[in-house]
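Participant: Take a look at the letters that make up each chain.
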Amino acid sequence: MTNDLSKVLSNATDAEASALMDRFDPEAHLDEDTKARLHARISQSIRETKASAKRKLRFPWKAVLGIAAACAAVYLTLGFTVPGVADTLYRVFHPDYRTEAYFSTPPEQRQDPVKDLEAAVGDFHAQDVESKVELLGEYTMLTRYDAEYNDMANSTPTLRETYGFSPYRQADYVYLRDMRASVRELYYDGERLFVTAFVATEHPEWLLADDEATPPNLELAVFDFQLTVNGEAFPIQWNVSSGGGSGITVHDGEKGLWVSTEIDLTEPLPDGRCELLMLYYVYDCDVDDMGAIGNVGRLIHRISFVSDAGNRRADACTEATFCGSAPMTFTFVDPVTLEEKTIENRTVSFDGLKMRFTAQYLASGLKITAQLVAVPQDWTEAEKEAFLYGFFEPLTFEAQSGEDRIVVKNYEISRKDGNWTFELPVFPSEYETVGAITLIPRIRYLSEFDVYVQDSETEGHYEHVVLKPDTGAIPRAEHFGQSTVLETPLSEVRIEIPLPKGE
Amino acid sequence: MKHWITRLRNDPERAVHALMDAHGGLVYYTVRRVLAGYPEDDIEECVSDTFFYVYRNRDRLDLEDDAIKAYLGKTALHRAIDHKRKVARIPTPTEDALFDADASAQSAEELAVSELTRGELIESILALGDPDATILIAKYFIGMKGKEIAALLHMKENTVVSRASRALKQLRNTLKGAES
Numbered sequence: 001m002t003n004d005l006s007k008v009l010s011n012a013t014d015a016e017a018s019a020l021m022d023r024f025d026p027e028a029h030l031d032e033d034t035k036a037r038l039h040a041r042i043s044q045s046i047r048e049t050k051a052s053a054k055r056k057l058r059f060p061w062k063a064v065l066g067i068a069a070a071c072a073a074v075y076l077t078l079g080f081t082v083p084g085v086a087d088t089l090y091r092v093f094h095p096d097y098r099t100e101a102y103f104s105t106p107p108e109q110r111q112d113p114v115k116d117l118e119a120a121v122g123d124f125h126a127q128d129v130e131s132k133v134e135l136l137g138e139y140t141m142l143t144r145y146d147a148e149y150n151d152m153a154n155s156t157p158t159l160r161e162t163y164g165f166s167p168y169r170q171a172d173y174v175y176l177r178d179m180r181a182s183v184r185e186l187y188y189d190g191e192r193l194f195v196t197a198f199v200a201t202e203h204p205e206w207l208l209a210d211d212e213a214t215p216p217n218l219e220l221a222v223f224d225f226q227l228t229v230n231g232e233a234f235p236i237q238w239n240v241s242s243g244g245g246s247g248i249t250v251h252d253g254e255k256g257l258w259v260s261t262e263i264d265l266t267e268p269l270p271d272g273r274c275e276l277l278m279l280y281y282v283y284d285c286d287v288d289d290m291g292a293i294g295n296v297g298r299l300i301h302r303i304s305f306v307s308d309a310g311n312r313r314a315d316a317c318t319e320a321t322f323c324g325s326a327p328m329t330f331t332f333v334d335p336v337t338l339e340e341k342t343i344e345n346r347t348v349s350f351d352g353l354k355m356r357f358t359a360q361y362l363a364s365g366l367k368i369t370a371q372l373v374a375v376p377q378d379w380t381e382a383e384k385e386a387f388l389y390g391f392f393e394p395l396t397f398e399a400q401s402g403e404d405r406i407v408v409k410n411y412e413i414s415r416k417d418g419n420w421t422f423e424l425p426v427f428p429s430e431y432e433t434v435g436a437i438t439l440i441p442r443i444r445y446l447s448e449f450d451v452y453v454q455d456s457e458t459e460g461h462y463e464h465v466v467l468k469p470d471t472g473a474i475p476r477a478e479h480f481g482q483s484t485v486l487e488t489p490l491s492e493v494r495i496e497i498p499l500p501k502g503e
Numbered sequence: 001m002k003h004w005i006t007r008l009r010n011d012p013e014r015a016v017h018a019l020m021d022a023h024g025g026l027v028y029y030t031v032r033r034v035l036a037g038y039p040e041d042d043i044e045e046c047v048s049d050t051f052f053y054v055y056r057n058r059d060r061l062d063l064e065d066d067a068i069k070a071y072l073g074k075t076a077l078h079r080a081i082d083h084k085r086k087v088a089r090i091p092t093p094t095e096d097a098l099f100d101a102d103a104s105a106q107s108a109e110e111l112a113v114s115e116l117t118r119g120e121l122i123e124s125i126l127a128l129g130d131p132d133a134t135i136l137i138a139k140y141f142i143g144m145k146g147k148e149i150a151a152l153l154h155m156k157e158n159t160v161v162s163r164a165s166r167a168l169k170q171l172r173n174t175l176k177g178a179e180s
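These protein sequences, in sequence, are chains A and B. Anchor point for the first sequence: position 229 equals 229 in the working numbering, and the numbering is continuous, going up by one each time. Anchor point for the second sequence: position 41 equals 41 in the working numbering, and the numbering is continuous, going up by one each time.
Note that these hints are calculated values from the structure, not bench results. The beta carbon of each residue, even a glycine, is placed where N, CA and C say it ideally should be. Heads up, a few of these hints could be off.
[Stated by the list, open to error] Derived pair list, reagent style PhoX-like, types lysine-lysine, alpha-carbon separation capped at 20 Å: (1) A/Lys367 to A/Lys409; (2) A/Lys354 to A/Lys416; (3) A/Lys115 to A/Lys501; (4) B/Lys156 to B/Lys145; (5) B/Lys74 to B/Lys84; (6) A/Lys341 to B/Lys74; (7) A/Lys468 to A/Lys341; (8) A/Lys35 to B/Lys69; (9) B/Lys145 to A/Lys35; (10) A/Lys115 to A/Lys367; (11) B/Lys147 to A/Lys35; (12) A/Lys367 to A/Lys501.
[As the list claims (entries may be wrong)] What follows is a list of derived Cβ distance ranges for each label pair: (13) B/Arg14 to A/Pro489: 29 to 35 Å; (14) A/His125 to B/Gly37: 51 to 57 Å; (15) A/Arg110 to B/Arg14: 29 to 35 Å; (16) A/Thr380 to B/Arg14: 25 to 31 Å.
Throw the hints in and build the complete structure from the sequences for me.
Facilitator: Below, the structure is given as structure tokens:
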């Protein structure tokens, strides 16, 4: 009966499974070590996704730089000598500027170093405290994961054999002991911490996870952190991303590579002396480039800095009432099965929508936070839901300064609790020249897309769909292919962002 | 209430870790049930894949809070089945010895469960009440071992086994009664 019981229960419907699960609550039993390993794996997946997204961003950025250079050449050839042209070119042709993209680009590859930012980095007085290599099997107890790592170290030889790889031998990786980390840049903007470190080693090319390269084929990734402020532990939870090792270079006469790390803080750091412990893990990609069994050693990097400068920043606030209409995309999904339901574009009136805008004047650019204050009275939950959490994230902005304009890209906006935050590449030394910034809201909607149609006889195919506004709902497919998103500016709405004078 | 979805959209990284804290056990044991006999590393990879899947697809999800548990369970099940197909390794069954002994003792009296509706069977299990219903669900639906169930319910392992044995007997009697 027991076998039958398992078999029958394994075929339970969603509702039946839900009824069984309601009775059973296994959460309490998942032990802390397992939980810690699972959290670490999830963090690693997210980190890899972010790193991959950053790598993807670099290509168009370079292409845009090429165009910028060509246009600059045209300006020079035609003999334009209008004051501020260089600043104008910078803003117009660097639409992808974001602080994280800036710091994740190796310093010598930055085509246009931002002098305000380069100067601000010095305000934090970052210094190296310790750099030390440990090979798997000799990890000291440093962080909350240490017990787990030591377990991994002990079980790694067995695990490697289980997967058909050669057993781990510390002697095979002794060449890692020449790694030495030093901090090159540290910047704290009140919410995020950026660290650029240089890892000196005789063979940096071995650490770049290049499958085409001659072994050893390793990867270096910052994977764990600990932060203290004035000697007290300061929590860092999960919001960490690292681009891993990149850009082999010679720095101060030493060969090595750059490692950039961003830590999103859950709350601002108190003023004072901080110590950041970063653990750079090394994975042998020929064993396993994803799982724990590939781990062969780690570089311990401890740095100190003073947080005060990041907490001193000026800001300004203004409020705006929207007007005008624009199409917006609405999707409706079955809450349990997630099976396709409907998608449609409706023209929506934004009359009466109120937002508060806060500008922070930072060395890393103008940080704008738009906060929803009130929605139009005639909006239902559907409009509010589509506006706040819509599938194609409808709200974006255009920033104007004289003839210059930048449309803030969707991925450049961070959305949180009815707040939209984005950066504009306007720096304190440019405030006098730029004068003022005007923001114009834009509403995005899904106009055309390809839908994957499953076919029982073939592998399926894509069909092109044009979704005109106010033509009703159509069934929504789960798999979208190419899509076209259109934007409608609410041109009557102009939000003036003042820039401080005398900077 | 769509508290989870709001959190996933507003602060996805922290939300997905909070989801893991809240429902990690459910996902873990659901995956382990499918991947019984596979290395622990495979199981944990599949569990983390499940939460990463939620992270990546957060913009497409539209779930009420009370639906998130079922959604995670279903996603975990599908990830585990996919993983099994992908890895295509032959698992070595590691059935708990105590339950194995119990199962073989009962095999002569096996019921034709398939002749009954699944709904009746589930109703009968739930009607057993706690802790017996929980013990059977943990063992036969989730795939937990005797030791784990004992730790979960703060019982001795022997108590779990004997209660499971009695619960199975009671279930058989109930189902026989329903059949006749």
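Participant: Hint numbers the structure violates, sorted upward?
Facilitator: none
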